[in-house]
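Modelling step: build the complete structure from the supplied sequences, incorporating the hints.
These protein sequences, in sequence, are chains A and B. Each step along the first sequence adds one to the number in full-length UniProt numbering, with nothing skipped, and position 128 is 128. Each step along the second sequence adds one to the number in full-length UniProt numbering, with nothing skipped, and position 89 is 89.
Keep in mind the hints are simulated off the structure, nothing from the lab. Keep in mind that a hint or two might mislead.
What the hints assert, rightly or not - In the BS3-like style, the derived pairs of lysine-lysine whose C-alpha atoms are separated by at most 25 Å in a straight line are:
#	chain 1	residue 1	chain 2	residue 2
1	A	K28	B	K299
2	B	K299	A	K99
3	A	K54	B	K252
4	B	K299	B	K252
5	A	K53	B	K168
6	A	K54	A	K114
Unchecked claim - Output of the computed footprint for chain B on chain A, the stretches with three or more beta carbons under 8 Å from beta carbons of chain B:
#	stretch
7	55 to 64
8	204 to 210
9	244 to 252
Backbone N, C-alpha and C define an ideal beta-carbon position, used for all residues, glycine too.
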Amino acid sequence: MEIAYFLGCIMNNRYPGIEKATRILFDKLDIELKDMEGASCCPAPGVFGSFDKKTWASIAARNITIAEDMDSDIMTECNGCFGSLFETNHMLKHDADMKNEINEVLAETDREFKGSIDIKHLAEILYNDVGLDKLSDLVTNPLNLNVAVHYGCHFLRPSDEIQIDNAEKPTILDDLVEVTGAKSVPYKDKMMCCGAGGGLRSRDIDVTASFTKEKLENMTDAGVDAIVDVCPFCHLQFDVGQTEVNKMYKTEYGIPVFHLAQLLGLAMGLGSDELTLDSHLIDSAPALAKLVTESDKITGGE
Amino acid sequence: MSVFKRLKALFTGAKNDVIEKNSDDKVLNQKKSDKSADLRPKQTDSNTKNEKTHSSESKTPEVNKVDKTENKVVEDFETPNTEKKVTKTKIDVVGVETPTVSSEDEKSEEKVVGEDNELKDDSKDDSKNKEEKRDTMTLLNENEKLTLKNVDPEFTEIFKDAGIDSVKICFQCGTCTGGCPSGRRTPYRVRQLVRKCLVGLKDEVISDDALWMCTTCYTCQERCPREIKIVEIVKMARNVAAQNGFMAPAHKATGSFVIKTGHGVPINDATMELRKRVGLDELPPTTHSHPEALEEVQKICEITGFDDLIGFNKATGELE
Chain A
1 MEIAYFLGCI
11 MNNRYPGIEK
21 ATRILFDKLD
31 IELKDMEGAS
41 CCPAPGVFGS
51 FDKKTWASIA
61 ARNITIAEDM
71 DSDIMTECNG
81 CFGSLFETNH
91 MLKHDADMKN
101 EINEVLAETD
111 REFKGSIDIK
121 HLAEILYNDV
131 GLDKLSDLVT
141 NPLNLNVAVH
151 YGCHFLRPSD
161 EIQIDNAEKP
171 TILDDLVEVT
181 GAKSVPYKDK
191 MMCCGAGGGL
201 RSRDIDVTAS
211 FTKEKLENMT
221 DAGVDAIVDV
231 CPFCHLQFDV
241 GQTEVNKMYK
251 TEYGIPVFHL
261 AQLLGLAMGL
271 GSDELTLDSH
281 LIDSAPALAK
291 LVTESDKITG
301 GE
Chain B
1 MSVFKRLKAL
11 FTGAKNDVIE
21 KNSDDKVLNQ
31 KKSDKSADLR
41 PKQTDSNTKN
51 EKTHSSESKT
61 PEVNKVDKTE
71 NKVVEDFETP
81 NTEKKVTKTK
91 IDVVGVETPT
101 VSSEDEKSEE
111 KVVGEDNELK
121 DDSKDDSKNK
131 EEKRDTMTLL
141 NENEKLTLKN
151 VDPEFTEIFK
161 DAGIDSVKIC
171 FQCGTCTGGC
181 PSGRRTPYRV
191 RQLVRKCLVG
201 LKDEVISDDA
211 LWMCTTCYTC
221 QERCPREIKI
231 VEIVKMARNV
241 AAQNGFMAPA
251 HKATGSFVIK
261 TGHGVPINDA
271 TMELRKRVGL
281 DELPPTTHSH
291 PEALEEVQKI
301 CEITGFDDLI
311 GFNKATGELE
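Spelled out as structure tokens, the structure:
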């Protein structure tokens with residue numbers, strides 16, 4: 001199996017550990033990740049989609065054509081990228097007028113949207129194509145962690161088009177997380193947005209922080225050791241945003257944040273260096289320390 | 001007798017109420033002398049009033065006109081077409097009143113019947129009264145009231161043309177606002193926004209900062225019993241806002257990053273170091289490594305007019 005690997009912006013340009021973990025994981029799964037040379041920003045669905053739909057769809061369609069030329073479906077591990085690429089792909093496949101309009105733009109760059117491929121999310125591939133059994137075979141270091149799973153918005157919604165899982169009470173991520181031995185802890189308003197999307201983080205950071213604070217509060221009440229996300233933008237919001245919340249509200253939240261790929265990396269025995277956990281603003285040490293303590297209990301400190 | 005009247009009031013319900021509002025204060029005062037009968041109508045009165053104010057937001061545009069007619073906006077109707085509508089509306093109002101007149105007790109019946117001939121003028125006076133009452137209810141100032149002058153039918157058409165015609169089946173249940181995480185902390189009201197888009201209150205919609213308080217989380221859309229593509233409506237309204245110059249500097253900056261680098265969040269030195277450390281290429285295989293690919297993105301932004309939209313100066317490579 002092979003798949004075109006769409007990077008996007010925040011993962012590769014801020015949290016390269018997520019990319020690294022993914023490449024190692026897929027190498028072990030024997031799935032070839034083919035680089036999409038010259039791909040750009042997806043561009044962000046709630047941001048560029050809000051500015052100008054035609055520009056948004058044209059840039060997204062251009063990215064899709066790169067994979068069409070490679071004859072591969074696209075995999076992304078960012079909800080925003082997934083949202084933009086999936087929505088554009090879906091729209092252009094179903095709306096002939098829009099497809100013509102966008103292809104007129106793309107013609108100037110010698111490209112044409114054909115509608116020959118599908119857009120997939122990392123979690124979807126791991127769950128449906130790889131399967132939990134095969135994934136659990138890779139787990140060498142079971143993680144004894146209580147985690148708050150954060151689905152994010154554009155991974156499952158709009159559900160009438162995306163149809164990966166129930167958008168209000170999904171289980172796909174919880175199942176994937178529990179493969180690592182971690183426990184997905186239920187918490188209040190689990191499906192709530194992190195607050196960063198829709199251009200809010202750049203425009204009204206106070207509002208964004210207020211979202212994030214509510215999520216952090218609910219996660220803390222549930223007593224979690226870490227947050228697990230499947231979107232680098234949510235990831236950034238829980239990492240950088242958590243420090244902003246602390247500043248604004250004079251709180252002392254310090255919940256470590258892992259992308260699903262990083263969590264699987266930890267379970268596969270990758271070091272925090274390789275996962276660039278040391279570059280996170282929120283220290284991952286408390287969660288990592290718990291892992292070490294737990295494994296000491298099992299091995300007797302050997 | 002009073003029990004009978006209360007029963008009657010129960011059955012005739014709202015209608016009974018309309019009468020009170022539409023007959024003048026004297027009638028009301030007379031009724032108030034009978035306190036036991038008064039309690040209930042008074043309560044329903046406020047209920048109906050609520051309903052009325054709600055319905056002014058939640059009906060189809062034509063019905064909306066009816067509501068506005070009652071509110072002295074009559075002067076604002078200019079075209080012969082709407083003139084007709086006014087007359088029609090008045091007939092409707094009469095229609096509502098007639099049955100209730102007969103259900104009234106004798107004392108007030110005399111009065112009301114007596115005034116029946118001048119009902120048209122009366123309804124104007126009443127609307128004045130009602131408007132005053134509504135003022136105290138809604139806290140709206142004179143200049144905050146919306147009239148047909150605020151309606152731009154072309155604005156509504158934008159949503160229909162863009163394939164979001166589901167906007168027209170919204171029945172204003174408010175499930176969207178009820179579930180909205182942004183509405184819990186900001187003045188953003190999805191239900192209101194959808195209604196305004198359908199009515200065509202363009203300036204209201206695009207000049208409102210709250211329009212940008214949506215994180216596009218889709219909670220509203222997922223829960224909408226009418227399956228309306230609410231987020232598409234929000235984004236389209238923002239598109240129109242952007243075209244009309246309502247775009248935050250921070251957003252223009254994000255846009256300019258894509259034109260300059262192909263990325264909304266471009267790489268920085270620290271991340272290049274990190275990438276190298278973990279054995280990844282210093283630059284990802286994106287537009288960052290492919291100048292010719294960046295040119296394609298820039299060309300797209302030029303063709304679609306995105307440059308001009310955000311005020312990107314190609315000569316200086318910066319925002320104006």
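Against the structure, the hints come out as follows:
A hinted pair counts as satisfied when its Cα atoms are at most 25 Å apart, and K28/A with K299/B does not qualify at roughly 40 Å. For the suggested pair K299/B and K99/A, the alpha carbons sit about 18 Å apart, so the restraint of at most 25 Å is met. Restraint check for K54/A and K252/B: satisfied, since their Cα atoms lie roughly 16 Å apart, inside the 25 Å limit. Proposed proximity of K299/B and K252/B is supported: the alpha carbons are some 18 Å apart, at most 25 Å.
The hinted pair formed by K53/A and K168/B meets the criterion: a straight-line CA distance of about 21 Å does not exceed 25 Å. A distance of roughly 17 Å separates the Cα atoms of K54/A and K114/A; the hinted pair therefore holds under the 25 Å criterion. For the stretch 55 to 64 of chain A, the assignment as covered by chain B holds, since 4 residues bring a beta-carbon within under 8 Å of that chain's beta-carbons and 3 suffice. Under the rule that three or more residues need a Cβ within less than 8 Å of chain B, the assignment of the stretch 204 to 210 of chain A holds, with 4 such residues.
Counting residues of the stretch 244 to 252 of chain A whose CB falls under 8 Å from any CB of chain B gives 0; the rule of at least 3 is not met.
Violated hints, listed in ascending order, are 1, 9; each of the other numbered hints is respected by the structure.
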